[in-house]
Each structure stands twice: as structure tokens, then as C-alpha cells.
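J.: Chains as they are written, first to last, in my numbering: chain A, 1 to 197; chain B, 1 to 359; chain C, 1 to 178; chain D, 1 to 423.
I should point out that these hints are in silico values taken from the structure, not numbers from a laboratory. Accuracy of the hints is not assured; some may be wrong.
[Claimed, not checked] Heads up, simulated BS3-like pairs for lysine-lysine below, C-alpha to C-alpha not over 27 Å straight-line:
1. C:Lys-49 / C:Lys-24
2. C:Lys-146 / D:Lys-238
3. C:Lys-66 / D:Lys-296
4. D:Lys-115 / C:Lys-150
5. D:Lys-115 / C:Lys-24
6. A:Lys-186 / A:Lys-136
7. D:Lys-376 / C:Lys-29
8. B:Lys-339 / A:Lys-34
9. D:Lys-89 / C:Lys-29
10. C:Lys-155 / D:Lys-353
11. D:Lys-238 / C:Lys-86
12. C:Lys-146 / D:Lys-378
13. D:Lys-89 / C:Lys-128
14. A:Lys-136 / C:Lys-24
15. D:Lys-353 / C:Lys-8
16. D:Lys-308 / C:Lys-146
17. D:Lys-296 / C:Lys-86
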Amino acid sequence: MDDSDGNKKVYVGNLDESAERARELLIKGLKLDKIIDWGTTFSLWPIDLTTSCCGCEFAATWGPRFDAERYGALPWLSPRQTNLIVIEGTITRKMACALRVSWEQMPHPKFAIAMGTCALDGGLFYNSYNIVRPWKIIPVDVYVPGCPPRPEALARAIVELQRIVKKGEASKTILRGMARSKPTPKLKEDPCSWWWG
Amino acid sequence: MAYISIWTLTRDVISTVFWGIVKLIFWPPIYQFVIIPGLVAALVVVISIIWFERKAAARVQMRYGPLEVSPKLAGYLQLFADLIRYSFQEIIIPRTADIIPFITSPFFALLLSLLPLAVIPVSPVKWTWPLTLSAMRYSVLIAAALTTLSPIFIVAMGWASNNRFSTIGSMRESFLITAYELSAIIGIFSVVATVHSFDFTNIVNFQGGGKWLGLINPIALLAAFIATLISTSAFPFEISDAENEIVAGPFTEYSGLMYGVNMGTAYIKRWAMSVLIVLAFLGGWRPYIPPPNAGYIAGYLVPSLIVSAKAVVVMALMSFLRAVYGRYRIDQALHISWKYVFALAIAGFGLGILEGYLL
Amino acid sequence: MSSNDQLKNFSEKLKENLGDLISKVEIHKGFILIETHIDKVRETAKKLKEIGFDHVKSVTVVDRMKDGVFEVGYHVSSYLNKDLAKYVVELVTTVPRDKPLVPSLTDIWLSAEFQEREAYEGFGIIFKDHPDLRPILLAPPVAELKPMRKDFVVKEEGIYRELPKKENVSSKVSEKKG
Amino acid sequence: MIIDMQSSEVPRLNMSSWEIGESRYLPGMEIKKLGKEKFVVYIGPQHPGSGHMRIIIKVDGDVIVEADPDLGYVHRTMEKLSEGRAYIKIIPLVERMAILDACNATLPYVEAVEKLLGLEAPERAKYLRVALCEINRIASHLYGFGIFGVFLGHSTMYMWGFGDREILVELAEKLTGARLTHTYPIFGGVRRDAPQNFTDNLRKAIRYLRKRLEDYRRMFLDNPVIRKRLEGVGIVSKRAATDLGLVGPNLRASGVEYDVRAVEPYEAYDEFDFEIPVFEEGDSLARAWVRVEEIKQSLRILEQVADKLDKTKGQQIMHDRFWAKVPPLYKKVFEAEGRVKLMPLFAILRVPKGRAFARTEAGRGEITYYIESDGKDKPYRVRIVSPSYRNAIMFKYAIPGHRVADLPAIYGSFDYFPPEADR
């Protein structure tokens, strides 16, 4: 545009603001958040981090009788391609390091289910000197009590997690860069400080 | 003074644009590389095949498989959900990785595994051929050469990841490349010996009247089939990304969309090989013969759909083996491919020569 | 009971065979205990292996805090000799708690290797000439606590905690009131 | 998958000074060493081919030169915790080490305490214990097969193994009230009587499983791919198996005929007619076959148990010493529901001074308990040696010399269950 002096001028508003507005427009126009949440809901792939004896029931949950693959959850091998950790029972001091490392290896958005009483607060082994509480290591979205929980209970936990995700837990981290409603706990001590490998 | 009617002008413009778009779509390089049997068809087929693979395996294993995502469609949308999840997940690039090959190799591998589809005929009508007439005479040769390009990038992926499991995986992949390629190419070339032509059109035309080369020369078909299984890491040869041994092999460090691309690459390669096998052994578009001056639909769309439908059947068969077999060890796979599959391919080639002499 | 007689016969046979090497033979419920001095452990173990006890079932360490000793026991039995397979013999030796140094029997019974490592991390017993003595189950910082010793006490449920004596409680209460 | 790219050496691993006989390796496992730099791969603990443990392997090309099992990822310190708990509370505690094999894992503990108390379970209780033990044994073997299938990339075997295991789990649930953590045998008897149509269901399950075993053979064990992976892989000779002190099916696959059920019959095993399957080959395939044969034998035992249970219907399931103390109200409960509610009796149970050692044959092999009582309500020392822990030593000696791809094949054939090993 030309102004009265004939100089060319380009009118630029606040770039950040307009970018923000464009993003909101995209999100609202394409309903991107809904799409992302829908996709994540039915694609919760748990990682193969078998931590304790609840793993028996974890395996049975994906067995033919209970078949958790119906919900789109497929146990996967490598943390880079998964988005769900199922903590299967007790976490020992040695395993705490593996749990934390696996959690950090997983890409956002990621979720966690704590299975079994031991994962809640120690369970039968509440006074053991070799266990840690999983919620001190990673943020847990859904707790499943039981020792061990029945496969139905774990399937229910997956459905419960799907409900949480559907409320916008996945899209808000991706699209709006917001933090998850459950923040990652700050470690008081490094669980891997002794790691010799 | 001549004046131009607005109406005529508009009509002309619209028709030009419309036919321009149609021409562009049905322009052989674009049509074959992007639409059928290229990218779009491949994606649809891959999604359906993975769904089929999961459902069929579940059927054998006394369960449902993916269901809750769309109970009315028997969980068909499951793969879309996975695709969306992968596409929007964080992409992690490890600090120790070699960044440029790490990022570019998956896409090169994907594109190069599609390339063979851009040089093959899917219809006998002359204008649909993607290459010039003189080049078309060597289409088998060109397609076979192009199938050998993409594995190099899988090796590069494993090397660039700088992960121990990836390194082992890419080492296995490089062993397997040498093992299957010869068998696959000799297997497909045995039809050349029978038909006396490097031209896919001649080969398909030769197979008229139910005289499929797969029936005439089953040995070569078997060799090509097994070699395809090895090349696309299908069971029982899922070795380079054997999950229980080396996590995800070359793809261990890939996350988000990049892994989605990687996962697609193996299936797309299987798709390309299936199309080649259909053309070489299973009669191509053959029960249907388009009229010599056929248009877009009768001359291009219909035969390409027939080829695709046959290829889907071949691919489904390959995928179903997952439910039945475990996986071989790398040295056993090499042993099998050099000692038996290679011998099978040579025997098929010999049989092809003999039949070419007799028929 | 006939099985008890058998055990008695067998323990007498063992006594004859091992002679001076052992100081005590006892019949317990389910096993025969033979005690030997720490210097004679290796000799006794070799002798037992010659007799036909070819594997270790369990390396059992008991912390006798009152006596100030560790009791290191090897429950051994046989696979290949079917007569011996019926019996479980525990070869026991004692070491002082403040200087727990025991000769390793891994070169005689390979099956003791991991269990000796476990005794090392749990009680801090050092097995001399063990090929690979390092913690097996615990992380090093936990293993340093020597958690299996009796003086390492894990906290228990309230019902089991020893209550303070009544006088103390009442006196405390009275102090507060005052 | 935990990988450290910086360190290529495992510290504190010094094997050079160690010689067993003439060779460092067991016979048949010698390796030619090449003068190249070795490649250290850390497999686990987050790794589909390792479960809850870590194996540090050194690779020369594709051949494993050294394997170092790193256990303890599920070490929940059961031995220490049981020193501070009442005797009856230890049963559910030690059960957690092998919840898929719970009855077998707790039975020797119960037996050892019974030895100290000087009592023996009544006849019907013994049959019920044997029934649950054998159900658990089959379930544990099927679990092993499932995991083995996953390791070899055979997902159908995993699904079949777990699907058919549900039948046995359900039987156990009918009998005890819990899917996995039964806490069924208690001192002097069992916790509950069998429900009404238990034996009929048991017979039905036996018929079904016999049919399915044939399917497994066709689909898995005689599958050409699986056979090729397993035959001649991970050979452990008879001598090596004895030296390493292996237990259970792994021992019997190497030609050693040792089964606690036959050597020192406990409970009612001397009344039943069964064989001990022994294979001479000692490779992974033999280990798989031993399990199949054992399932067949267990089915045979279960058939006999079902008959015995029918015969002893209505008999006592608790030792007189405890039964006499039961209040009349609880006796009524027993008559109505077949359920014994005795917990208050056991809470104050004091066990006489003494030491006891008990062993039984669990699904994965011999499990031993050493219990020392100082006359109080808590044991002075409980020493548990579980079958997987004794088998863990195999990783160190049976894996070197094989290829990386053989690791899952060998691992799966061991039927190694880490929570059981770590206790």
C-alpha cells in the first residue's frame, strides 16, 4: 500500500497473535483436537515393560478370553513407538531406573496405568527395603487395585483411560503445548545413580 | 466484430480445466505412481491388509481382534486411529544419531519401493504405457532393477540410528538383500525365457485363456513368492526387525510419523512385489481385454483395478502366514534362500527355457 | 517310623565315611546336619562330592546374632545316585560375624555360584576364591546395607510394634498435664 | 531396552582366572575366540525377549561369547519380610513369587511348618492339594508355552496357551475362590472343600486338554520353522545339568531322572500312578517336549484324583488338632458351604523350636524351603530356593556359543519366570 508520501508500507500485525489465531482457526475449523483425541483413544499401545507378577494377568488380558486388543491396545516392543506404560505390580529399586528410562524414551503424549496394590502403595511388600512407589517415578493416570487385579479390571482401566484421553488429554499437549494434568514427578534422587551398565 | 459469448467461454474454460485434470490424473506416470497401483491404492491396500492380518490372526487365535473403535465395521477404522496417533506423536531424534540420513532414509525407502509401479504396464492400451515404446520393451528389466533400491536405505536407517539393536538389524537386512534378490529376479525372469520378451505387455498377453505362467511354471512362482516373503520381512522371515530378538531392528529409534512411514514401507514393498508377481505369473489384467481404442475408464481404470484385486489376494496370503509360522534364524534363512530358493529359482528358469522352446 | 531309622542309619554311615572331618551330626526334620570346622569345609565338601552329592540345593546362611556367628550351610543332595537323592545333607560351618570369611565351594559345586553371590550381598559374607563375587539381586547401594543380617530391621505393621512401657506413657502424660 | 553407547566394557566381570576342569566352558559349548573388538548388547529389562531381567551379552559377529544374567529386577525380599510376619501370613507372601504356580510354591512351606508342628493333613485334604498342584502345573506349563511362542514370533501359540490356561485358572477359581493367588493349603489341611460339580468339570477339562495337546503338536512343536529353531539349540548335557544343579523339566530334558514326586513322595503322590518323562537330547526342543509329556502325566494324575475325590466326599479337610478348636458356628459354615474359616486360630500359632527342610516339585522344578523356628509366632529364618533361581545359572553357561537369534529360543525353552527367581 502507498501512504500519502508515496512510500510503500507493509502493515503487519502482531505475528505471534495472528499465528495463534490461525492455529485456533485450524483447530476449530478442522476439529483437529477431536481427531487427535479419537486416534489416541483407540491406539493406546502398552510397552512390554513387565515389572512384576501382575504381568501374568497383564498377559491374560491380551489373551483370547479377555482380548484387550478389541480396544485397539496392542502390546508393543520398543518404547519409541508406544504411548502407554502399564506398571505391573511392584517396582523394585533396580526396576525403577528401567521404568524411568523407558518413560523418558516414549514420545509425548504418553500415559500410565498402575496395576495392582503393590503399584499403589506397596501392597504385601509395603515394608520391603527394595521397593519404591511407582508414583514417585512417573505420573500415573489410572490405578487398578487388586492383588493381582483380574483381567476385567485391567480392561476397565483401559476404558477409563480412554475416557480421560477423549476429554482432550492428548490434543492439548500436541496442539496447545500445555502440560499434562498429571505432571511428571520431580525425582528426589536419581533412580539410576548406581547403574553400572 | 466478432464477440465471444460468455457462456461459451465459461463452458470452454470449465471443460478445459476438467479434462485437463482428468488428463493429468490419467497421465501414466502420475496415475501409476500416485493413484493406482501407486501411493493412494497402496495406502488403502496396506491399511486394509493390516486390518485383515490382525483380524485373520485373531480368528485363528480364538478372539476378536480390533473391534471397539468401530463395532459396525468390525474395527476397520483401527488402522486410521493408529495412523492419526502416529502422525501427531512427538518425533524423537536421538542426539547420537546421524541426523540427515536418519530423517531422509525412511522417505527415500518409501518412494523407492513405489518406483517399480511407475514403469510397468497395467493395461494393453498403448497410450497408457508409462514409458516410451522402445523402453517398454525392457519393462521387466527396469522394474526388477528398481525393486533393488529401497533396501539400501533400510540399512542406512539402522546405521544412522546409532543403536546397537539397529546395527544388528541393518546387518541382518544387508545379509538378506544379497540372499533374496537373485532368487526373486531369476524367478521373475524365468517368464522372460518362456515368452521370449522383456515386455510385460507381451508376457501378460501370452497368458490369455487361463494359460497363466504361474500354472505353467509353478516352480518359478514359488521361488519368487518366497523371495518376496524374505524381502519384505514377512513371516516366517521376519528377521531384520525380529521384535523379540532385536526390538524393532533398524527402526528401533524411530518414533511418531517416521515409524509410521517405516511400517508402511515394508507393506508397500510387499504390494509392489505382489503387483509384479501378478503381472508375471497370474495373468495380469487378463480375463478382461480392453478394446484397442479404449478411453480412460475401460482402457486404464478397469484393467488396473483387476491387477490390484489380484495383487491384494497374493498379499493377503503372504500376510496370513503370520498366524501359522514362527520366525527363522538369520543363518537358517540364508541357508534356505541360497540352498533351496536359489536352486528353485534356477530350476524354474530352466523350466521356463524348456517351455519357451516347446511352446 | 521306618524313615527315621533310615535317616539314622544313613547319618551313621556318613559319620564313618567322613571321620574326623565333622564335629557333629544331627538329624533334623527333612535333612541331616553335619557340622565342620571352617578349615575343613573344603575337604569335607570334596569328600561329600566323592560320595555322590553332586549339587547344592540351597546355600543357607543363618545369622545367630546372640552367638556372634554366621552359620553358613550348604544343602546338598544327589541327582545321579538314586539312593542318595532321598537324603538332603546340610554341611554347616560357622564364622564370626565381624570377620565373615569363608572358602568358596563354587569350584567343587558349580551350582552354588549364584547362591554364594546372594549370601555375599545379603549378609556380607566374603567367599574366598569365588570367581565372580558381586551382588546378584540387589542394587549396590542396597547391598551395602547387608539387609539380611538380623541387625537390619524392617519396620512392621503397628500391631507388631513393641509398645512403650505403661509407666513411661503415664509419666509423659502427667508431664504434659503439668 | 537400556543401552549405553559409551561404555563397552562391563565392569567387575572377571572370568579369565576361572577354570572349570580343562575348559572354561562346558563340554559342547567351546567357542573359537576371534581377536576382534566385542560388541556388548544389553538385553532388558525393558525388552520383549527378556521379561523382568537383563542379560548382558558380548557378541563376536553374530555369536554370543559371554552372557551375564543380571537378576533381581523383581527381588521383593521375601526372606527378610517373612522373618517379621506371623506364620500364616507368610503363605500369601511367598505365593506372590509364582502366582501362576501358587499352590506348588506354598506347599513346601506349609509342609515344613507341618513337620515342625508334627502333624499331617487328612486324606481328603491331601487329594485336594494334589489336585490344585497338578492344575497349577499344567497352567504353568501352558503359560510357559505361550511365552515361548512369543519369543519365537509364533503369536498363535501364545494365544492358544493363554486361552486354554483360562480353563485351568477357572477350575482353580472354582476350587479356591481366586484366579491365581489361592492360598489354598494351610497348616493341617486346606482352606475350602471342593464345590459340588468340581470333579465333573475337572474331567471335562481333562478331555478338552487332551484334544488340544494334539493341536499344539501340529501347530507348534511339529511346525517345520519351530523345529528348525529348536533342534540342537542350547544343548545341556547330562553332566552339565547335574553340575549346574538344574531342576524340573530342564533337568529331565537332559536325561536326569529326578522328580521330587517320585524321589521323596509328598502328600498323596505315592498313591498315584504316573511316569516321569525323561529326554536324552538336552536341547530346546527336548525341553519343550518334556513339558508336553508332563502335561499328559498331570492329566493322568488328575483323572485319578477326581476318582479319589469322589470316594472321599464329605470327609474332613482339616487336621483334628485345629478342627477340635473350631467354634460350632464355623462348623455349621463348613457343613453348609464347605469353607473353613480358621484364621483367628492361626494368628496366635506358635511353632515349636526346630529346623525343617521341605521340597516339592513345582511346575518349573524343585522348590525348597528351610525354616528355622525359635518357638515364637514368627520364624527365625526362612530360606527359599525357587526353581527359576536355580535355573538362572543356565543363562551364563548354556547361551555362550550360540547366535543372538538363539537367545529367545533358549530363554523361552528354560521357562524362566523372573518373579519366582528373584523372590
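J.: Can you list which hints this structure breaks, lowest number first?
T.: Hints 2, 3, 8, 13, 14 and 16 contradicted; others consistent.
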